[in-house]
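**Q** Construct the complete structure from the given sequences, taking the supplied hints into account.
There are 2 protein chains.
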Amino acid sequence: MSTARFEQIALVGIGLIGSSIAHAARRAGLADRIVGSARTAATVEKALQLGIVDEGFPTAAEAARGSDLVVLCTPVGICGVAAKEIADAGAFRDGAILTDVGSVKGAIVRDVAPHVPAGVHFVPGHPIAGTEQSGPESGFAELFDNRWCILTPQPGCDAAAVARLKAFWEALGSQVEIMSPDHHDRVLAITSHVPHLIAFNIVNTAGHLERVTDREVIKFSAGGFRDFTRIAASDPIMWRDVFLNNKEAVLEMLQRFSEDLTALQRAIRYDEGDTLHRLFSEARALRRGIIEAGQDTDAPDFGRRIAAPPPGKTCKDKD
Amino acid sequence: MSTARFEQIALVGIGLIGSSIAHAARRAGLADRIVGSARTAATVEKALQLGIVDEGFPTAAEAARGSDLVVLCTPVGICGVAAKEIADAGAFRDGAILTDVGSVKGAIVRDVAPHVPAGVHFVPGHPIAGTEQSGPESGFAELFDNRWCILTPQPGCDAAAVARLKAFWEALGSQVEIMSPDHHDRVLAITSHVPHLIAFNIVNTAGHLERVTDREVIKFSAGGFRDFTRIAASDPIMWRDVFLNNKEAVLEMLQRFSEDLTALQRAIRYDEGDTLHRLFSEARALRRGIIEAGQDTDAPDFGRRIAAPPPGKTCKDKD
Chain D
1 MSTARFEQIA
11 LVGIGLIGSS
21 IAHAARRAGL
31 ADRIVGSART
41 AATVEKALQL
51 GIVDEGFPTA
61 AEAARGSDLV
71 VLCTPVGICG
81 VAAKEIADAG
91 AFRDGAILTD
101 VGSVKGAIVR
111 DVAPHVPAGV
121 HFVPGHPIAG
131 TEQSGPESGF
141 AELFDNRWCI
151 LTPQPGCDAA
161 AVARLKAFWE
171 ALGSQVEIMS
181 PDHHDRVLAI
191 TSHVPHLIAF
201 NIVNTAGHLE
211 RVTDREVIKF
221 SAGGFRDFTR
231 IAASDPIMWR
241 DVFLNNKEAV
251 LEMLQRFSED
261 LTALQRAIRY
271 DEGDTLHRLF
281 SEARALRRGI
291 IEAGQDTDAP
301 DFGRRIAAPP
311 PGKTCKDKD
Chain W
1 MSTARFEQIA
11 LVGIGLIGSS
21 IAHAARRAGL
31 ADRIVGSART
41 AATVEKALQL
51 GIVDEGFPTA
61 AEAARGSDLV
71 VLCTPVGICG
81 VAAKEIADAG
91 AFRDGAILTD
101 VGSVKGAIVR
111 DVAPHVPAGV
121 HFVPGHPIAG
131 TEQSGPESGF
141 AELFDNRWCI
151 LTPQPGCDAA
161 AVARLKAFWE
171 ALGSQVEIMS
181 PDHHDRVLAI
191 TSHVPHLIAF
201 NIVNTAGHLE
211 RVTDREVIKF
221 SAGGFRDFTR
231 IAASDPIMWR
241 DVFLNNKEAV
251 LEMLQRFSED
261 LTALQRAIRY
271 DEGDTLHRLF
281 SEARALRRGI
291 IEAGQDTDAP
301 DFGRRIAAPP
311 PGKTCKDKD
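First to last, the protein sequences are chains D and W.
Here the numbering used here is used: the first residue of the first sequence is 1, the next is one more, and so on.
Here the numbering used here is used: the first residue of the second sequence is 1, the next is one more, and so on.
No lab work stands behind these hints: they were computed from the structure.
These numbers were taken from a predicted model, which means no experiment stands behind them.
Incorrect hints may appear among the rest.
Since copy identity is lost for identical chains, a pair holds within one copy or between any two.
[As the list claims (entries may be wrong)] Calculated pairs, SDA-like style, for lysine to any residue (alpha carbon to alpha carbon, straight line, at most 25 angstroms):
1. 247 with 262
2. 247 with 282
3. 247 with 274
4. 247 with 170
5. 46 with 281
6. 247 with 258
7. 84 with 141
8. 46 with 301
9. 247 with 259
10. 247 with 260
11. 247 with 181
12. 84 with 273
**A** So this is what it looks like as structure tokens:
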């Protein structure tokens, strides 16, 4: 029996990540039983219908009771509330592992750690995986395959619990890296948070132009814009919480980004072609590194050569 | 016989776009003969080997001689030079159509139009299609399918020539829109040029951090960053020329982008969660429009669910 196996896994929140954990855990046979809770009855119902959870509850405390692994899969801003609710109800099982999947880690430690009772092992985590879709129906078992999961255990945390959670994520398909919450938040600010903010931003800039219509932006988006819109379609509540909870690192990276962009803007204004060429060439090299590391496909255009018109429509119908 | 058919098509420059035009034109039977020229002998040789051109030449003038369609597929900055070279050699065929595929149109009109002799019909064009790859081996026949091609004929241009070029692009798989060079440059500044600049920029910002290594950026790029790197892998020379030749519109859009980004940054600094949520929600709607218009796929993550490690490597080998 793998140390990655649990008797009962509780998913607090059953969206893209929670449901994908369920699918991947079933694929690998990691749980006797998977239960879950969600704020809305409709989500619980959906998760039951889809076979994501064996039992569903309206509260985190009910899901956590009896579970030897509790995974907080809610937006970052309410992880602390959920942990407090479970603790106040006395619902943590002794020896249980408590983890989360939040995109920030410093704020999670700040909000969750004070509520974790003695005998419960809190090991914050973050799978670097996702799609732009949300909700229990968007999850799938392969989401974590060949992706990284970062764990940020606090000093003094039980080593066996960390090892067990590491084995769990590996069994879900991930590779695991251990780092401090502070370093995590800095790395993710540049690899994820600022890219999302920029994507949201340019989509809105485009939407507010007077002399270029939304319809034109949409029609001619294949020139580059559409790549940005994929991540700008991500869940707004999740991302609001990310920015409010990783403020320091995000603001620092944004400042650097803006300085660099100003320098590029200045090179354009003063016709400094050599500067532009040099900076563009440097950017290419990093792309190659990402493909060599297996973190993206090298199929041209991500392999999406032809985006067909929606069913029932021909090209002529489109506008 | 379709009006889209030509006796001899000359491709001046045989990269991604030039070679894709050749493949698509052969697929639709639009040319008796396709010839091409490139600056380097290696490119001409490659294009011959791949069957992209029936005959290859070292100069634009040799390719243009006898051709009833001449397509300038070079970087924007040297289209004027190529047109002058053809004109100086007296190599334009009487009644021929001259077009281009450049990503800016105002500067092309400025640089090319003065060299076009009477009896030759100059109709600037821009297919809104591409991948991050370059060179004659990167082309494929489907590149223009269900994409838009913008033509920007000048007032007084021969209507039959415009209609014929429109029919040609439709036969290549595109839909065609007619607009002024000025409006084109404004639309493309926001849908293509600024997104590329931002992509180049964030990749370089990430590369210059002291406390986050390149290796970490690459490993954890699946959080959003990798979407930006695809377009940052595009040809640096092509893009240098785009920015130098669409300066006014790009600088205006960049200014708007920066103002909007500053407002978002301020909302983060002062914990204005409602503002963030509202702006993020607005961005989502535009994404839906792009998918409904058939300009992108709605497969989660562009359908690239699992980016497999490169051949011969396992996950463990990767770093």
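**Q** For each hint given before, does the structure comply? Return the numbers of the non-compliant ones in rising order.
**A** 4, 7
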